[in-house]
Amino acid sequence: MNNTPDELASEYVLGTLPAEQRSEVEQRLMHDAELRAAVDAWEQRLLPLTALAEPVPPSAQLWRRIQRSVAGPDEATVPWWNLLALWRGLAGAGLVTTLVLAALLLTRPPNTEPSFVVVLVAPQSQAPGWVIQASNDQQIQLIPLGVMEVPADKALQFWTKGDGWQGPVSLGLVKPGQTLSVPLDKLPPLSANQLFELTLEDPRGSPTGKPTGPIQAIGRAVKVL
Amino acid sequence: MPESIFDYEACLLACARGDQQALRRLYEQDSSRLLGVALRIARDKALAEDIVHDAFLKIWRGAGSFDPCRGSARGWVYSVTRHLALNVVRNSGRDVPLSDEHEQLAEPEHTFEFTARTGQIHTCLEQLDPARRTCILHAYVDGYSHSEIAQKLGTPLGTIKAWIKRSLAALRECMA
Numbered sequence: 001m002n003n004t005p006d007e008l009a010s011e012y013v014l015g016t017l018p019a020e021q022r023s024e025v026e027q028r029l030m031h032d033a034e035l036r037a038a039v040d041a042w043e044q045r046l047l048p049l050t051a052l053a054e055p056v057p058p059s060a061q062l063w064r065r066i067q068r069s070v071a072g073p074d075e076a077t078v079p080w081w082n083l084l085a086l087w088r089g090l091a092g093a094g095l096v097t098t099l100v101l102a103a104l105l106l107t108r109p110p111n112t113e114p115s116f117v118v119v120l121v122a123p124q125s126q127a128p129g130w131v132i133q134a135s136n137d138q139q140i141q142l143i144p145l146g147v148m149e150v151p152a153d154k155a156l157q158f159w160t161k162g163d164g165w166q167g168p169v170s171l172g173l174v175k176p177g178q179t180l181s182v183p184l185d186k187l188p189p190l191s192a193n194q195l196f197e198l199t200l201e202d203p204r205g206s207p208t209g210k211p212t213g214p215i216q217a218i219g220r221a222v223k224v225l
Numbered sequence: 001m002p003e004s005i006f007d008y009e010a011c012l013l014a015c016a017r018g019d020q021q022a023l024r025r026l027y028e029q030d031s032s033r034l035l036g037v038a039l040r041i042a043r044d045k046a047l048a049e050d051i052v053h054d055a056f057l058k059i060w061r062g063a064g065s066f067d068p069c070r071g072s073a074r075g076w077v078y079s080v081t082r083h084l085a086l087n088v089v090r091n092s093g094r095d096v097p098l099s100d101e102h103e104q105l106a107e108p109e110h111t112f113e114f115t116a117r118t119g120q121i122h123t124c125l126e127q128l129d130p131a132r133r134t135c136i137l138h139a140y141v142d143g144y145s146h147s148e149i150a151q152k153l154g155t156p157l158g159t160i161k162a163w164i165k166r167s168l169a170a171l172r173e174c175m176a
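Going down the list, the protein sequences come from chains E and W.
Quick note: the first sequence uses full-length UniProt numbering, first residue 1, plus one each step.
Quick note: the second sequence uses full-length UniProt numbering, first residue 1, plus one each step.
If you are wondering where the hints come from, they were derived from the structure by calculation, not from laboratory data.
A hint or two may mislead.
As the list claims (entries may be wrong) - Using 30 Å as the maximum straight-line C-alpha spacing, the simulated DSSO-like pairs for lysine-lysine come out as follows:
{"id": "1", "chain 1": "E", "residue 1": "K223", "chain 2": "E", "residue 2": "K161"}
{"id": "2", "chain 1": "E", "residue 1": "K161", "chain 2": "W", "residue 2": "K45"}
{"id": "3", "chain 1": "W", "residue 1": "K45", "chain 2": "E", "residue 2": "K154"}
{"id": "4", "chain 1": "E", "residue 1": "K186", "chain 2": "E", "residue 2": "K175"}
{"id": "5", "chain 1": "E", "residue 1": "K175", "chain 2": "E", "residue 2": "K161"}
{"id": "6", "chain 1": "W", "residue 1": "K152", "chain 2": "W", "residue 2": "K45"}
Sequences are here, hints too, so could you generate the full structure?
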């Protein structure tokens with residue numbers, strides 16, 4: 001069969017592929033960014049059809065089974081308030097936000113448009129890695145808080161997506177440890193809750209124009225009064 | 001809680017940090033709907049519960065690698081569950097005549113009366129010929145294979161394959 005990636009993705013998401021082809025697609029999804037983007041788009045298109053299946057209340061044991069499996073065998077469950085990474089991350093993010101806000105307060109001329117600040121944290125540890133500050137709608141600055149390790153054959157790519165946008169937009173490649181100024185003149189004005197993230201991509205950037213690699217840092221825009 | 005209010009993305013972030021309460025909230029929010037999705041495909045309640053169990057485990061372990069730029073968090077949760085269910089039925093080699101018991105379990109045709117539903121996908125589906133629309137819905141909602149649909153509709157397999165291929169192309173264009 002000479003299926004285009006989009007046709008293959010559509011039948012994979014629809015569910016009509018036989019077992020062998022399903023596992024082939026799942027293998028390819030790990031490294032084939034074009035196919036992955038096509039699958040993501042089809043998942044979004046067809047998702048509302050899940051509402052056609054009537055909800056069925058699960059039996060009382062199901063949650064207990066899940067809970068046991070999540071806790072793992074004999075593994076003592078650490079309650080969330082004892083998670084060091086969580087508090088370390090929150091404390092770090094709080095401190096950084098304070099410093100950025102203080103800097104903005106001191107440097108910003110009064111009576112300008114509301115501006116935005118974003119703290120980008122590592123998804124797992126919540127450790128802050130970068131901050132973004134925008135003192136106007138036209139330009140943002142991405143400021144590193146340290147030097148992030150990036151594998152030699154990879155690059156960091158900077159993305160943003162506002163609520164209601166079709167998809168994320170690339171803001172270009174970022175060198176670890178360097179401050180980057182990005183003009184936003186071709187994009188809609190910054191808005192509260194706008195998503196920013198850095199992903200690991202090929203040295204020349206994502207081949208699909210959409211993020212494909214693991215997220216290194218992520219955060220959302222917060223309005224500063 | 002309505003889907004529009006529940007913050008799926010925050011829930012996944014909390015799961016990635018190891019917050020089991022977040023997973024519990026997701027369970028309370030969506031387990032019935034996810035079980036409904038899995039049951040339509042698996043057609044067996046115990047098997048469907050196994051699928052939802054595995055899905056929650058996969059969500060818990062994979063929450064850290066979820067990328068909100070690639071799609072909605074809610075969509076990811078549903079995709080994980082649906083694909084686990086589809087893998088179970090495809091790998092079991094289920095491709096046999098649908099039994100009488102299943103006919104009872106299965107939807108009466110009016111289940112697919114969705115004219116009152118809103119959203120682009122429904123508008124686009126309505127533009128398809130009814131038989132072709134039924135193919136798409138049996139495949140997506142019931143997890144039917146090409147040959148199961150052919151048998152159910154009493155239509156040759158080659159015709160079903162062509163209908164589905166063209167219907168998907170039409171949907172893609174309609175939703176562009």
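Unmet hints by their number, sorted upward, for this structure: Violated: hints 2, 3.
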